[in-house]
Amino acid sequence: MFKFYSILLLYICLISCKKNCTIYTDDESIFGIDVSHYQDDKESIKWDKVMQNTNPKIDFVYIRTTMGKNGSDNSFKQNIIELEKLNIPFGVYHYFRPNELAIEQFENFKIHNNKFGKLPIAVDVEEKSNFSTKIFKKELRKFLELIEKEYNTKPIIYSPQKFFNLYLWQDFKDYKFWIARQHGIKTIPKNNTPGKTPNLLSFKCPVIWQYSGTGNVSGINSKVDLNITSKSIFENQLSIASQQIHH
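The working numbering numbers the first residue of the sequence shown as 1247 and each following residue consecutively.
Treat the hints as calculated values from the structure; they're not laboratory data. Quick caveat, the model's predicted, so the values are computed rather than measured. Treat the hints with care, as some may be off.
Stated by the list, open to error - Here are the computed distance ranges between Cβ atoms for each label pair:
{"id": "1", "residue 1": "Glu1372", "residue 2": "Phe1449", "range": "16 to 26 Å"}
{"id": "2", "residue 1": "Asp1420", "residue 2": "Glu1350", "range": "15 to 25 Å"}
{"id": "3", "residue 1": "Asp1294", "residue 2": "Asn1376", "range": "39 to 49 Å"}
{"id": "4", "residue 1": "Lys1380", "residue 2": "Lys1436", "range": "41 to 51 Å"}
{"id": "5", "residue 1": "Ser1478", "residue 2": "Ile1357", "range": "30 to 40 Å"}
{"id": "6", "residue 1": "Asn1333", "residue 2": "Asn1376", "range": "37 to 47 Å"}
{"id": "7", "residue 1": "Glu1394", "residue 2": "Ser1290", "range": "26 to 36 Å"}
{"id": "8", "residue 1": "Gln1483", "residue 2": "Lys1395", "range": "15 to 25 Å"}
{"id": "9", "residue 1": "Lys1295", "residue 2": "Glu1396", "range": "32 to 42 Å"}
{"id": "10", "residue 1": "Lys1388", "residue 2": "Asn1301", "range": "38 to 48 Å"}
{"id": "11", "residue 1": "Lys1419", "residue 2": "Asn1333", "range": "28 to 38 Å"}
{"id": "12", "residue 1": "Leu1347", "residue 2": "Asp1417", "range": "17 to 27 Å"}
{"id": "13", "residue 1": "Leu1332", "residue 2": "Glu1372", "range": "28 to 38 Å"}
{"id": "14", "residue 1": "Gly1317", "residue 2": "Glu1396", "range": "16 to 26 Å"}
Heads up, the beta-carbon is just placed ideally off N, CA and C, and yes, glycines get one too.
Using the sequences and the accompanying hints, generate a full structural model.
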């Protein structure tokens, strides 16, 4: 019975708490991609060609650098070199492994990261933990606070829409979010354009919306995640964050 009422409450809140995020269409759109070694499996990314892509024009990039307490992405160092060479705005993200301790993940992040680009550090949170929900949230917050303390900048949280609505929206209201609501893993978006905006249990829109995991971009020989934000968010909430990083 409790489960029934929990589901009913979630459904009601999805209807009543929905945030209509028209900012992505009301303001000038800014598009970006996020990459990892998966985009380098067949052939290295040709970043000069990426910058020539027109549908959409790519204005920013997020790079995966580390995963959990001992993982690092094979391609991130070379990607950063190329992005800096071409003066492309970028940020880095850490994949948070929910069954590993925050302090150990932070040490791994600190060892591998010394260049952060112009965008805020992002933390990718999308897996359910074997810990209790309470401990999982405690460890996640600890990791976020360690990042903020070390680099003097507040990270943003990447999360799929469903995971955000189930686990994050109530306890992390003090953070900005980058939300994934995609067309579907196997569904290629028409002309690389966004579909339905995120439907969140929140009264604020995400600063970035990942609208596809199957995008086509020149210079990348595989499918890639496509993201959108607005010009006002990009200039006033995203680009300024990197200025606070003191390392």
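Structure-based check of each hint:
1. Glu1372 / Phe1449: 16 to 26 Å: holds (22 Å)
2. Asp1420 / Glu1350: 15 to 25 Å: holds (24 Å)
3. Asp1294 / Asn1376: 39 to 49 Å: Holds, at about 44 Å.
4. Lys1380 / Lys1436: 41 to 51 Å: holds (42 Å)
5. Ser1478 / Ile1357: 30 to 40 Å: This hint holds: roughly 36 Å between Cβ atoms.
6. Asn1333 / Asn1376: 37 to 47 Å: holds (43 Å)
7. Glu1394 / Ser1290: 26 to 36 Å: holds (33 Å)
8. Gln1483 / Lys1395: 15 to 25 Å: Between glutamine 1483 and lysine 1395, where Cβ atoms are some 21 Å apart, the hint holds.
9. Lys1295 / Glu1396: 32 to 42 Å: Since lysine 1295 and glutamate 1396 have Cβ atoms about 35 Å apart, the given range 32 to 42 Å holds.
10. Lys1388 / Asn1301: 38 to 48 Å: holds (41 Å)
11. Lys1419 / Asn1333: 28 to 38 Å: holds (35 Å)
12. Leu1347 / Asp1417: 17 to 27 Å: holds (19 Å)
13. Leu1332 / Glu1372: 28 to 38 Å: holds (29 Å)
14. Gly1317 / Glu1396: 16 to 26 Å: holds (19 Å)
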